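Produce the entire structure from the sequences given, and follow the hints as far as they go.
2 protein chains.
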Amino acid sequence: MNFCSQCGHKVSLRIPAGDNRERHVCDHCGSIHYQNPRIVAGCLPVHGHQVLLCKRAIEPRYGLWTLPAGFMENGESTEEAALRETLEEARAEVVLRKLYTVSSILHVNQVQMIYLADLPEAHFGSSEETLETRLFSEDEIPWDELAFPTIRNALRFFFADRAETSPSFPLRHLALSPGHEELLLES
Amino acid sequence: MNFCSQCGHKVSLRIPAGDNRERHVCDHCGSIHYQNPRIVAGCLPVHGHQVLLCKRAIEPRYGLWTLPAGFMENGESTEEAALRETLEEARAEVVLRKLYTVSSILHVNQVQMIYLADLPEAHFGSSEETLETRLFSEDEIPWDELAFPTIRNALRFFFADRAETSPSFPLRHLALSPGHEELLLES
Ligand SMILES: [Zn+2]
Ligand SMILES: [Zn+2]
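From first to last, the protein sequence lines are chains A and B. Under my numbering, think of the first position of the first sequence as 1, with each following residue one higher. Under my numbering, think of the first position of the second sequence as 188, with each following residue one higher.
Each hint can be trusted.
Okay, derived cross-link-like pairs now, DSSO-like style, lysine-lysine, Cα gap no bigger than 27 Å in a straight line:
(1) A:K98 x A:K55
(2) B:K285 x A:K98
(3) B:K285 x B:K242
(4) A:K10 x B:K197
Honestly, the hints are just simulated from the structure, not real lab data. The structure presented is a predicted model; accordingly, all values stated were derived computationally and were not measured.
Pasting the structure below:
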């Protein structure tokens, strides 16, 4: 950030009065421009014994497999964001079951929220963001071709939790930082 | 937003190619300025049969009671944000028990995440943001002087869940919009 989005003057990076962190401050109009983490919402769609993955048609991680997920927009709930992204990226209509993973990804300032979801009909497709969408059983998961550690974690949790005698799919809570992207903070 | 924070030129509000929502776009440098919901993280601190509330020393809702919570910062996890806000606002050191409420507050573009937390020692205090901090038993809660519907919901859930024979404090998931700020979407 170089310029004030309110008045167009140059901003400077300093600690405002009463604060304890550096912010982009405009000395012309007094605006303080806070920067905060963004939410990525998505789904882990389950159809019978299979899960639905999308092959990315966009960077980063073009060509790798992921769960349908994307940035939450203003004016929607986390659930609505998860449903919208699943429809947009995988052309799939799912029913949310529960919030399943919450991952703070420190180095990119994102909080990823993945819902466990049921895909009642095996209807899905590709999109501008997705080269291909398909169902995978556990032994077909392309573990070496997954786009993000958060996706790998979510899938690992899912198959481990599903193997329980009475699966309850407890909320999985993670904090990920560079070099510690796998199961750093499990609760 | 009136000006591009990258180059300082005027931005216009329009739908970029490949998008389906209006964004602030800079025709000079090509930047697209997305705006997304912010996360508010906080705690519901429990000490014995009492809970800890803070009387706000800041607007909005000056003088009303709330749970310690505030905007999550870049570079921290949701847990770290909840702990930091509790320390800053209530001068209290808590131990997080579990993520308890997740509320999408549609009209202010916020997602509030409240952790159930244990306050081992009855040590707490006021701060720049807090006129007074004190413990309340259930029959002392100032229901008519609470700052936000999300706080009222969290406290209602807590006392209802605590009254169960084997309290499990399940995750409470809400979406709130104007006029529908109480328990709109419960799961
Ligand atoms: Zn300015
Ligand atoms: Zn620009």
